[in-house]
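*Asks:* Chains as they are written, first to last, in the working numbering: chain S, 10 to 286; chain R, 10 to 286.
FYI, nobody ran anything at the bench for these hints, they're computed from the structure. Be aware that one or more of the hints could be misleading.
As the list claims (entries may be wrong) - Which bits of chain R does chain S cover? Going by a derived footprint, with three or more residues having C-beta under 8 Å, they are:
| id | stretch |
| --- | --- |
| 1 | 22-28 |
| 2 | 42-54 |
| 3 | 102-108 |
| 4 | 168-182 |
| 5 | 221-231 |
As the list claims (entries may be wrong) - Result set (DSBU-like, lysine-lysine): computed pairs, CA atoms no more than 35 Å apart in a straight line:
| id | chain 1 | residue 1 | chain 2 | residue 2 |
| --- | --- | --- | --- | --- |
| 6 | R | 63 | S | 141 |
| 7 | S | 32 | R | 63 |
| 8 | S | 189 | R | 32 |
| 9 | S | 178 | S | 32 |
| 10 | R | 213 | S | 178 |
| 11 | R | 63 | R | 213 |
| 12 | R | 32 | S | 178 |
| 13 | R | 124 | R | 32 |
| 14 | R | 189 | R | 63 |
| 15 | R | 178 | S | 63 |
| 16 | R | 32 | R | 63 |
| 17 | R | 213 | R | 178 |
| 18 | S | 213 | R | 32 |
| 19 | S | 124 | S | 63 |
| 20 | R | 189 | S | 63 |
| 21 | R | 189 | S | 32 |
| 22 | S | 213 | S | 141 |
| 23 | R | 178 | R | 141 |
| 24 | R | 32 | S | 124 |
| 25 | S | 32 | R | 124 |
| 26 | R | 141 | R | 213 |
| 27 | R | 32 | R | 189 |
| 28 | S | 141 | S | 189 |
| 29 | R | 124 | R | 213 |
| 30 | S | 213 | S | 124 |
| 31 | S | 63 | R | 32 |
| 32 | S | 32 | S | 213 |
| 33 | S | 124 | S | 141 |
| 34 | R | 32 | S | 32 |
| 35 | S | 189 | S | 124 |
Quantities reported herein were computed from a predicted structural model and do not represent experimental measurements. The beta-carbon is built from N, C-alpha and C at its ideal position, and this holds for glycine as well.
Protein chains: 2
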Amino acid sequence: MQTSRKSKEAIVILDPAHTELIKELDRTFSGWALAENIQEITPPPIYEVADLQKFDVYENFPHLSLVAAALYTDRVRTQPTNGAFIAEDMLEARFGLPIATCYGAYLFYENSVLKQDTTVTLVNRCFRNEDKYEGLRRLVSFTMREIVALGSFEYTQNLLARFTERIQKFACEVSLDLTKVAASDPFFARHGTRAVMQKLSSVKHEFQADELAIASVNTHRNYFGERCRIRLANGEFAFTSCVAFGLERWVAVLANAHQGDLAAALVAVHNAAQRTA
Amino acid sequence: MQTSRKSKEAIVILDPAHTELIKELDRTFSGWALAENIQEITPPPIYEVADLQKFDVYENFPHLSLVAAALYTDRVRTQPTNGAFIAEDMLEARFGLPIATCYGAYLFYENSVLKQDTTVTLVNRCFRNEDKYEGLRRLVSFTMREIVALGSFEYTQNLLARFTERIQKFACEVSLDLTKVAASDPFFARHGTRAVMQKLSSVKHEFQADELAIASVNTHRNYFGERCRIRLANGEFAFTSCVAFGLERWVAVLANAHQGDLAAALVAVHNAAQRTA
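Let's have the full structure, built from the sequences with the hints guiding it.
*Replies:* And the structure:
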């Protein structure tokens, strides 16, 4: 069973059966949000470098980041050498590709005062420069659905508790063996107090299946609220949290659990979605 | 009425009302395809440079192209200067960002023999380096839904005729004043015989509203079939054609036509979709 005629490790084109499955998964996860009257916004898959810099992306994840540059066109001929453009072919990179979806939510609410606790959902194509790619399990670009809460600390924790339960129930219904693991890779500045804080309070939990993180729940305290100057009605910076789903990874582990029978995986997801709606 | 709190010209985050409208438009256009039992595939928003090079992208559109590079991380500190990374900060660019959606279809069928005439639909985030950005009318990244036919020349022309009629009927139903214009910008090599041929036979037609191309129908003859070695049962290279919809541009002209009343635009699209289903 092929996912694609173009099954290079870093890049995959999903065939119709895989496409149906990933769409059903996104319909399910976003459906949980929409059923709670959570609204959807649409972020772009590229940002000004200056915007991503606000989140310490180039401080904390320089190795994972990809930036986008235009080409010099004042030459007779602009062509790649051995499948790549060298630095001298490129203009400066003013745009960066996001490594996560939720940045769009903080930039959407940048410089605003929230009238009330707020949750939004959004999906994006994310990009990561990895040492090694593994098809659907680890792609250079993948699809991440997120649900992001902005409000009081208690409100943001409530979202994570609710969705943790839903994720675990859904995994059980589709017969996926899911383990909740406190993640150790620091989201915030590596050597800062926040990194120490994260280790102590385990602010990121991953849901792993097949030794792969397919979802996570994340507490950011008021880090993003401060960086984007998003304030609560009481004047404080907003606390935020997010729930994230790596959709291609769900496809990979479900396909594997059904021995490559994607039609069976689709039925299992559809039925589980109805039972957890 | 704001499309976003982050309404820079090159990049926009769609708010819930704009998101509902763009989703309804995509549901409508892809629905026309799905109703004909056309299957959907899912392309990535990034490719190997070597794959895009097959389509003469860097020969014909070097000025529009953006390439993706990782950063040097062996330095003490990797930080942008004045919101940009300079060439010396970047490793070679092995990946390129697509300027159109349909490349994914040709790469999906690369090196294959089609048992029968085939049509697929796919949507992607596309990227263009423009001199000037204008919000939803001209973004650095936008969403392009396409329907792509691969088969005999007659089969590919049949798709364009059918969808030309649908686009015109739908535009009429949503009260958009649409003009069909033979496009002069050459898709193929600028100085090659194909460019001359295109001018003579007008192989690209745009549908313009508000002085903006919001959809197009395109004939490629066997250019992509040859480049990706996609063969018909008779051994010939496949002919291809595509229908393309620039979704954010549809949102822009519909919002304008309804004086910014997005709820009214949504109802108009929904009703028109039902009448043209």
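*Asks:* Kindly indicate which numbered hints from before are broken by the structure, ordering the numbers from low to high.
*Replies:* Hint check: 4, 5, 10, 15, 20, 33 fail, others pass.
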